[in-house]
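Chemist: So you can see what is in the structure, the chains are spelled out below.
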Amino acid sequence: MGRLFRFKAFLFLICAAAHLFCNSNAYSSSSVSSSSTTMHTNNWAVLVCTSRFWFNYRHMANTLSLYRTVKRLGIPDERIILMLADDMACNPRNKYPAQVFNNENHRLNLYGDNVEVDYRGYEVTVENFLRVLTGRHEAAVPRSKRLLSDEGSHILLYMTGHGGDEFLKFQDNEELQSHDLADAVKQMKEKQRFKELLIMVDTCQAATLFSQLHSPGVLAIGSSKKGENSYSHHLDTDVGVSVVDRFTFYTLAFFEKLNMYDNASLSRSFWFLQSKYVDVNILFPNRFIPKMVGGGGFITFKRFTVSKFLAGIFATGLFVSFPDWVPVTDFFGSVMETIHTVSAYRAFSGKNSDEDRIKLSSDESVGLEKRRTLVSSNVQDQINDSNTKQDQLGVFEYLWYTILNKAEKIEDADILVNYGLAIILPLVAVFTWLSH
Amino acid sequence: MSDLGADVNYHKFHRQSENNICSRGINTVGIIRAPRGDGKEAIVLVTPYYSSKIDLAEASSLAIAYSVFSLLTRVTWLAKDIIWLAADSRYGEYASVSAWLRDYHTPVFGGFEKLGSEICYESNAHHKESPITERNISDDFRRAGTMAAALVIKVSGGNKQDDDTLSIYAEASNGQMPNLDLINIVNSLAVHRQGLLVKVEKFLSLLDSKYLRIVGEVFESVGYIARSLNPQWKFGIPAADYMEGAATLASSLYYQALGIPTGPHGAFRDYQVDAITLEISPKALLNNKVRQTEFLQRGGQLIEGVIRSVNNLLEKFHQSFFLYLLTSPGKFVSVGVYMIAFALLVAPLPIVAASLYSDANKKHRTTPFPKSADDDHRNILQSWKWLYAAKQVFIIHCLGVFYFSNQMPDWISKIVTWIILGSPIIYADAAQSQKREWGILKSMTISAAFIGLCLMSVINFATAEIGALLLVPMCLVAHPLRLDLRARSLKAFTRAACNLVLGFIGFPPAAFFVLKGAFEGFESVNISDFWNWIACLCAWNSATYLYICMVHLPCWALCIWIFLHPC
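Residue numbers (my numbering), protein chains in the order written: chain A, 1 to 436; chain B, 437 to 1003.
Be careful, since some hints might not be right.
Unchecked claim - Label pairs and their calculated CB-CB ranges:
(1) B:489 with A:235: 24 to 32 Å
(2) B:708 with A:234: 31 to 39 Å
(3) B:650 with A:237: 28 to 36 Å
To be verified - Counterexamples of contact, computed for chain B against chain A with all Cβ distances above 10 Å:
(4) 472
(5) 502
(6) 798
(7) 822
By construction, these hints were calculated from the structure, which means they are not laboratory data. Keep in mind it's a predicted model, so treat the numbers as computed, not measured. Ideal placement from N, C-alpha and C gives every residue a C-beta, glycine not left out.
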């Protein structure tokens, strides 16, 4: 009787351990296969202005300002998809024909000579937008209208217009709903079309558009919460309409001070936004265990300083790459790492552990100010070292090396605990059985 | 105009008055086509001028319009076409504008002559052609798409205020008003940009009224007390504001009730185009150049601002109210608020009618219930008693129709006359007992008044409101004089006295005289004024005339009949 009971308990323990092990393995594998292993290859930007008509001048000015910023910081036209109704510059009501301004000092003409609009006028529809995101186009669609991102791309998605509770209005006759957007992002993640995605939305009740997002690797910023409106910044009495929205205005005020070589971080930009414009709300969907935090952590930036923000991260158990360490040019510009190779055609596979190590050291663990120099020197050294080492390492050293790598990569304490538990339970079971 | 590069054409119109005198006039129309616009909509500027003899004020209005017109030919933000109509007001401003509008909205195909021109044919000899400037001027009728909004500009002689004044006239025929947004644009641009003094019509005599001042002060003190109790309750206004608002409201209500347009802008409302008349009066006479330039600049900037605002719109005005009463250039009372007053006035009518009818029925049922077929028959007949009363009411209303439609063809008027002459015979035929039923007659009268007032409120609310104020007390209080005299109680005497007073006031001429005397002083009252007033209403096809003939007069006659009922 006792033996039977002990046997059942033993079986139960084995099953529980296996279940936990499998779960944690699954999660850890998903974490392992998540964005931290792939290399950041390029940056894309999808800029969408969803409204038309003269009184929505400011939405087009928003989008064009961001287009200009993104181009100035390095992303070329072939990697920008610009969707605009494009009826402002040549509108008969425009006192300055062929010019679009975002400030009443008229210092900057946004509609210069090199604006390439990919989807213009009535082509800006929900269908086209979702096709761009998911990549499901008809055969005849040209390459310039496709989002040809790969699994290492960082994508910036900026949308502006009129929105409401869980929807965004497209050109006055259709709506994009939050679950459609979440579905498209999920498809993108399944098809590995991005490494990290930053969504910025400047409409009324913008944060409701992200309420259904659950994909890992997505950072979403809305200009207002549910029930709040987003207002325009100022009215240009000469042109006769409001020329820019507040959220975009302050975002641009931050970016105008930067150039391609600046080290500004996303968190600095958030802090700047927070100090100037207190309604920034940031949603961090968690990456590893979707069930732990209900629907992703939702943190408002109203009165948080950066330290409180970090504390909030730990408290909810989320893990996210600290925005403090993520450079702004990861999304808004295109600063490519150039790696000098001694010989041509020495190809790197994205999932090589050496590259992972380099990536780790450059992304996650190094202080920001030293990143630039460290990357260049580290990369050089590491590359040289790894090149030479790989030839000389024996099998055992290599194995030890990989185990060390894996051990270093375990970032979440929970995984370690899970591993430990998973191993302890069968051990206990074995020893109890042995002792009998 | 053609020198500026606009499309110009002459519009010849005819107007046939009652004694078959044909009047011809020539309007000059200039159209600027927007260079980048799509040509589907237009904004209209109207300047009426007396072509035989132009005085300084009219010349100033033409000058303002010309300067704005020449600016608009050069400007880059034009999205709608601009039409400038210099209307010949020799035979009236309204007539010329309405003739042009009628021809604008009725396209004639095939190049045939305009309708009605054969009737009024005269030789063209007196139309001089000046050979030099006839470059682009044509006789074809030029059009420019649907009209988004229209402005009528008039300049009047100097006023005695401190600053240039702008008066706004907005009422069109039958109390229709343009969208409130147009008035708001003009008001805000004039006050905040140009610093003009904006006025709307008001009854100046009301401003001196002591009773109104007392009421205003009562409201002010009530508001003050409420605010001291709870700072959220901020409905008190100073007594002076209240009096000005009341005077403007009374004037607005009166002009809407008249149903006659207050300016040439009324012609536009018939085609669902929002239009107002702006009358700018300079603070001093415009006899020196400096003053003239300054005045032109101010007026021109205001009009340019209004035109730019309308130009930037994508749709016609529809967001603001169409049914409102102005209490000041910047404040108004909307239909949702003023309908309540009317509804409260008119609500007792059906209730009283129903109660009177059921009372009359009950009086007959109190007789002991006989069991013979004869009485049964009489009971059934008694439930149809109201038909007799209805017949009386109907006949009286037919009288009203007859009076109203004295322009109808002869055979209909003959039939109506026969009906009316035949009615005393029908009347004499009725049973004696039925003649005693004044209660049912009153109930029928009240129902007829109720229906008439409700129908009128849909057509022209202001008329219905004033009519209800006069009619409802009279109808409710009507009581046979003989019964009152027989009762000999204080209540009966006061009731009889009220009946007399209200019956007197209810008679339209009497009401007219009393009100005119109250507002303007009794010296200026003239007997013929009333007939002029009525003739005016009739000539403008105002629905108020219809109301007076078909609802007010019959109900008044019936109330008098009840008052003098033989029982």
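Chemist: For every hint, state whether the structure bears it out.
Modeler: Outcome of the hint check:
| no. | hint | result |
| --- | --- | --- |
| 1 | B:489 with A:235: 24 to 32 Å | violated, 47 Å |
| 2 | B:708 with A:234: 31 to 39 Å | holds, 36 Å |
| 3 | B:650 with A:237: 28 to 36 Å | violated, 46 Å |
| 4 | 472 | violated, 4 Å |
| 5 | 502 | holds, 23 Å |
| 6 | 798 | holds, 60 Å |
| 7 | 822 | holds, 57 Å |
Checked against the numbered hints above, the structure violates hints 1, 3 and 4; every other hint is satisfied.
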